[in-house]
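Protein chains: 2
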Amino acid sequence: MLKSIKKSPLYRIANPRSIALFGASSNILSMGTPILISLKAMGFEGTIYPVHPEEEHVQGFKAHRSVLDLPEVPDLAILILPARIVPRILEECGKMGIKHAIVVSGGFKELGGEGVKLENELQEIANTHEMRFLGPNCIGVTNPRHRLNTTLLQYLGNPGFIGMASQSGSFITQMFHYLANFGLGFSTAFSVGNEANVDIVDCMEYLGLCPHTRVIALYIEGIKRGKAFVETAKAIVTRKPIVALYVGGSETGRLAGLSHTGALAGPDPLYEGVFRQSGIIRARSITELFDLCWVLGALPLPKGKKVVIQTHSGGPGAEAADFCGRAGLELPALSPDTINRITPFMPETSSVHNPVDFTFTKNLIDYFSSIPSLLLEDKNADMLLIYLFMPQQSVKRALEHLGIPKDQAAEKSRELLDAQSQSIASVLKTHTKPLVGYTYRSIQEDFIRGLIDRGVPVFPSTERAVHALESLVRYAELRGRSTGNAEHGFPTGRSAI
Amino acid sequence: MLKSIKKSPLYRIANPRSIALFGASSNILSMGTPILISLKAMGFEGTIYPVHPEEEHVQGFKAHRSVLDLPEVPDLAILILPARIVPRILEECGKMGIKHAIVVSGGFKELGGEGVKLENELQEIANTHEMRFLGPNCIGVTNPRHRLNTTLLQYLGNPGFIGMASQSGSFITQMFHYLANFGLGFSTAFSVGNEANVDIVDCMEYLGLCPHTRVIALYIEGIKRGKAFVETAKAIVTRKPIVALYVGGSETGRLAGLSHTGALAGPDPLYEGVFRQSGIIRARSITELFDLCWVLGALPLPKGKKVVIQTHSGGPGAEAADFCGRAGLELPALSPDTINRITPFMPETSSVHNPVDFTFTKNLIDYFSSIPSLLLEDKNADMLLIYLFMPQQSVKRALEHLGIPKDQAAEKSRELLDAQSQSIASVLKTHTKPLVGYTYRSIQEDFIRGLIDRGVPVFPSTERAVHALESLVRYAELRGRSTGNAEHGFPTGRSAI
Numbered sequence: 047m048l049k050s051i052k053k054s055p056l057y058r059i060a061n062p063r064s065i066a067l068f069g070a071s072s073n074i075l076s077m078g079t080p081i082l083i084s085l086k087a088m089g090f091e092g093t094i095y096p097v098h099p100e101e102e103h104v105q106g107f108k109a110h111r112s113v114l115d116l117p118e119v120p121d122l123a124i125l126i127l128p129a130r131i132v133p134r135i136l137e138e139c140g141k142m143g144i145k146h147a148i149v150v151s152g153g154f155k156e157l158g159g160e161g162v163k164l165e166n167e168l169q170e171i172a173n174t175h176e177m178r179f180l181g182p183n184c185i186g187v188t189n190p191r192h193r194l195n196t197t198l199l200q201y202l203g204n205p206g207f208i209g210m211a212s213q214s215g216s217f218i219t220q221m222f223h224y225l226a227n228f229g230l231g232f233s234t235a236f237s238v239g240n241e242a243n244v245d246i247v248d249c250m251e252y253l254g255l256c257p258h259t260r261v262i263a264l265y266i267e268g269i270k271r272g273k274a275f276v277e278t279a280k281a282i283v284t285r286k287p288i289v290a291l292y293v294g295g296s297e298t299g300r301l302a303g304l305s306h307t308g309a310l311a312g313p314d315p316l317y318e319g320v321f322r323q324s325g326i327i328r329a330r331s332i333t334e335l336f337d338l339c340w341v342l343g344a345l346p347l348p349k350g351k352k353v354v355i356q357t358h359s360g361g362p363g364a365e366a367a368d369f370c371g372r373a374g375l376e377l378p379a380l381s382p383d384t385i386n387r388i389t390p391f392m393p394e395t396s397s398v399h400n401p402v403d404f405t406f407t408k409n410l411i412d413y414f415s416s417i418p419s420l421l422l423e424d425k426n427a428d429m430l431l432i433y434l435f436m437p438q439q440s441v442k443r444a445l446e447h448l449g450i451p452k453d454q455a456a457e458k459s460r461e462l463l464d465a466q467s468q469s470i471a472s473v474l475k476t477h478t479k480p481l482v483g484y485t486y487r488s489i490q491e492d493f494i495r496g497l498i499d500r501g502v503p504v505f506p507s508t509e510r511a512v513h514a515l516e517s518l519v520r521y522a523e524l525r526g527r528s529t530g531n532a533e534h535g536f537p538t539g540r541s542a543i
Numbered sequence: 047m048l049k050s051i052k053k054s055p056l057y058r059i060a061n062p063r064s065i066a067l068f069g070a071s072s073n074i075l076s077m078g079t080p081i082l083i084s085l086k087a088m089g090f091e092g093t094i095y096p097v098h099p100e101e102e103h104v105q106g107f108k109a110h111r112s113v114l115d116l117p118e119v120p121d122l123a124i125l126i127l128p129a130r131i132v133p134r135i136l137e138e139c140g141k142m143g144i145k146h147a148i149v150v151s152g153g154f155k156e157l158g159g160e161g162v163k164l165e166n167e168l169q170e171i172a173n174t175h176e177m178r179f180l181g182p183n184c185i186g187v188t189n190p191r192h193r194l195n196t197t198l199l200q201y202l203g204n205p206g207f208i209g210m211a212s213q214s215g216s217f218i219t220q221m222f223h224y225l226a227n228f229g230l231g232f233s234t235a236f237s238v239g240n241e242a243n244v245d246i247v248d249c250m251e252y253l254g255l256c257p258h259t260r261v262i263a264l265y266i267e268g269i270k271r272g273k274a275f276v277e278t279a280k281a282i283v284t285r286k287p288i289v290a291l292y293v294g295g296s297e298t299g300r301l302a303g304l305s306h307t308g309a310l311a312g313p314d315p316l317y318e319g320v321f322r323q324s325g326i327i328r329a330r331s332i333t334e335l336f337d338l339c340w341v342l343g344a345l346p347l348p349k350g351k352k353v354v355i356q357t358h359s360g361g362p363g364a365e366a367a368d369f370c371g372r373a374g375l376e377l378p379a380l381s382p383d384t385i386n387r388i389t390p391f392m393p394e395t396s397s398v399h400n401p402v403d404f405t406f407t408k409n410l411i412d413y414f415s416s417i418p419s420l421l422l423e424d425k426n427a428d429m430l431l432i433y434l435f436m437p438q439q440s441v442k443r444a445l446e447h448l449g450i451p452k453d454q455a456a457e458k459s460r461e462l463l464d465a466q467s468q469s470i471a472s473v474l475k476t477h478t479k480p481l482v483g484y485t486y487r488s489i490q491e492d493f494i495r496g497l498i499d500r501g502v503p504v505f506p507s508t509e510r511a512v513h514a515l516e517s518l519v520r521y522a523e524l525r526g527r528s529t530g531n532a533e534h535g536f537p538t539g540r541s542a543i
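Chain order of the listed sequences is A and B. For the first sequence, the positions run 47 to 543 when my numbering is used. For the second sequence, the positions run 47 to 543 when my numbering is used.
Some clues are possibly wrong.
Any copy, or any two copies together, can satisfy a pair, since identical chains are not distinguished.
As the list claims (entries may be wrong) - Quick list of in silico lysine-lysine cross-link-like pairs, DSSO-like style, CA-CA up to 27 Å:
id	residue 1	residue 2
1	K452	K108
2	K425	K349
3	K452	K86
4	K458	K86
5	K280	K479
Please keep in mind that the hints were generated in silico from the structure rather than gathered at the bench. Values in this document were obtained by computation on a predicted structure and should not be read as measured data.
Modelling step: build the complete structure from the supplied sequences, incorporating the hints.
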């Protein structure tokens with residue numbers, strides 16, 4: 047394991063001070079052009095040197111005929127060129143003394159035949175010149191804090207805490223918008239492509255040391271260095287969680303992976319074993335990958351697997367209870383003390399079983415502050431799962447019926463819902479136990495957005511919320527084991543990352 | 047089985063011409079009040095008779111002191127009253143000659159003890175007066191075409207094709223907004239509550255005969271009349287599909303269901319057997335329940351289980367292939383004829399394997415019209431699954447770079463995307479094979495909404511899209527078996543419903 051992130055072959059790939067860019071032009075139809083647009087849009091603060099055989103200027107930058115003409119040796123070369131000329135240009139970069147590259151171009155091992163030979167050439171050139179490169183057949187790196195984005199699409203949202211290494215570039219760029227919708231973002235994301243030189247293990251090592259990465263996401267179609275993968279993951283998960291989506295376990299998935307990156311996927315049980323041995327939490331889908339990253343990066347770890355469910359509706363409570371049962375989570379009875387304390391808040395029709403079903407919301411402020419606080423304080427509760435259904439339209443209508451003039455009701459209802467999301471967020475902040483919401487309302491609604499923006503994970507399905515809690519328990523168990531905390535089986539908190 | 051829907055005990059419950067309403071007042075805090083608001087908001091065209099012991103007028107309606115004072119015998123009584131007075135009022139309704147009721151009030155069998163006795167009283171009163179009633183402990187009926195909505199929340203969106211019977215009222219009312227977001231709606235939805243008189247089997251029978259119901263959704267925590275349930279379902283599924291979510295299979299879910307409706311849930315394998323024997327397709331979650339209803343109600347049935355995946359991104363293609371494999375769907379090779387026909391559309395880096403990965407979109411119009419058409423025409427293809435990623439922002443930016451002035455680019459990009467969603471919708475309309483989209487963009491985006499509004503199901507996750515296709519295959523297999531179409535194992539189309 048590396049001691050310092052600066053020793054990583056990816057350090058200057060993710061944090062270049064200057065870039066030589068091959069393949070960008072003023073023609074929007076050439077693939078390099080939108081990459082230069084992305085680089086500019088992100089506000090990259092280093093120097094960009096477009097290299098172009100004909101154009102004098104590329105999108106406002108002075109272009110150079112050859113990399114050998116550049117006034118300095120750039121930290122990084124990015125190649126978006128037809129595959130057949132990539133070796134020649136990489137060779138020139140090597141001669142110039144450039145030590146790091148991203149080869150975006152496709153047309154290598156993933157196509158077989160000639161492509162395999164071309165890829166071998168790249169490897170030889172890199173070895174000769176002691177270069178390290180990402181790709182080929184990748185979309186590079188997004189490091190929003192360094193204002194670096196070498197991908198085709200513009201980064202959206204804020205820099206986040208998810209570090210990603212992906213064998214699919216789409217699962218980086220095409221998720222910018224998706225993650226921003228949930229208030230999430232990448233710390234640094236690597237598209238590894240064919241992994242001809244730098245591979246997913248190198249990325250994990252980098253992200254393990256990255257101070258902005260609180261959780262690592264992997265998208266895997268096949269692992270090459272099995273032993274190194276397991277060793278590296280094992281060392282990292284004692285400090286920060288790793289979540290992986292593996293595609294290729296089914297025969298059809300395996301064949302799809304083969305044509306996508308040329309990686310040879312293995313049977314599902316083999317990978318299941320690798321993840322288990324590594325202490326990696328496995329996600330079932332790309333949405334679940336990011337769901338688990340969300341809670342693992344944002345919430346404290348639970349001390350055990352006991353979930354209290356707070357609801358005002360029977361069906362959503364029962365569905366959550368059922369999913370908890372299937373996920374191996376427990377639903378403890380409330381302690382007599384808690385029952386005493388919450389009884390004043392409970393209407394006649396309500397149930398003090400778990401799910402705690404209020405049947406309806408007597409007082410909104412209680413429902414969103416005193417009640418979740420009391421439930422989290424129960425000695426039997428390790429986590430709180432809270433059902434959220436608060437349509438702004440209904441609140442507005444209720445206010446109108448209470449005599450608030452129509453023209454003020456909209457504003458008042460917004461204020462009320464804002465105060466409520468503030469209340470829940472405060473509950474989360476003042477307790478050391480995790481709290482997660484679930485809803486069937488749109489996550490674009492003010493109330494839900496207010497919660498998400500304040501750091502409360504809210505999932506648009508019961509199943510997803512429960513699987514997220516399950517991952518917290520599994521990681522807490524793992525941390526308990528790996529730190530030898532045998533007494534509880536669970537650590538009592540998270541070390542600073 | 048009933049021959050005519052008009053013979054159903056639920057006919058006048060779902061299609062009343064006049065309603066006696068107990069429990070609504072001018073006080074917003076009494077639970078009956080928002081129900082009257084909902085009834086009014088839906089524009090109910092029959093007569094509403096609020097009955098109130100003190101108020102002269104209730105929300106603009108003349109109130110009567112007693113049901114016995116009404117000028118006619120209403121078709122339906124709706125009771126939203128404290129449990130202890132419900133028997134007395136139901137008795138009065140019986141004396142008045144009212145034959146149908148909805149008992150919204152809770153506080154009966156679900157509470158045990160005295161509640162059980164009270165519920166028995168209701169049953170005896172109904173038997174004496176030959177009344178049929180829904181509930182207690184339910185939220186009644188939504189039949190948007192009859193402009194009837196007895197629930198607490200206002201109906202949203204258009205009348206739809208999903209008929210529902212639910213042991214949770216929340217999964218009806220709190221899904222109005224959710225369904226409208228996907229362009230879906232209820233034909234008629236029944237909240238069955240404690241099923242003291244009318245039960246879920248009666249609802250299935252009604253919905254089986256309902257001409258606006260193309261697919262039946264059930265939310266089940268426990269079945270009482272097992273044999274009748276199986277017989278009724280078996281008869282219906284030869285004509286229209288039934289999808290069920292069962293909660294209570296895990297021990298924790300079972301206990302939650304017990305306190306929710308007082309139904310005794312059985313072990314999961316028992317229910318699995320019941321569904322299998324009945325020809326009911328089981329959903330894993332409430333979101334999946336409506337996902338499956340969507341495709342089963344909106345799409346033609348496939349002739350087999352072969353899926354062609356169209357993508358321009360490797361990762362989403364590989365994930366879809368993996369899910370198809372796990373779901374038992376097959377990914378056929380394209381026929382040589384199709385390969386010849388699509389080759390002109392394929393860039394150099396693309397793959398004519400399945401997933402058909404275009405790697406990027408050379409020409410948007412081809413990608414959304416000629417290509418899916420050619421793929422659906424392949425004799426090896428039973429279904430098409432198409433990955434959608436078309437951010438309006440990117441299209442706008444591309445247009446700007448092509449020289450379209452900034453102020454026109456937004457409008458042009460909207461037009462372009464609208465034309466594309468029109469193209470895909472046409473492909474679906476001109477073929478008899480199902481087509482489903484999947485995306486990680488928001489379903490609120492113009493392009494995706496354009497597709498949904500034109501009848502193309504688009505799912506916000508790969509997994510959900512694949513499970514939806516899987517349900518089509520399962521229902522097609524079932525229909526093939528039940529109609530004795532042994533040769534294909536699949537029917538060739540859908541009979542008119």
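Verification of the supplied hints:
1. K452 with K108: between (60 Å within a copy, 25 Å between copies)
2. K425 with K349: Cα proximity of K425 and K349: one copy only (11 Å, versus 56 Å across).
3. K452 with K86: between (47 Å within a copy, 18 Å between copies)
4. K458 with K86: between (42 Å within a copy, 25 Å between copies)
5. K280 with K479: within (26 Å within a copy, 48 Å between copies)
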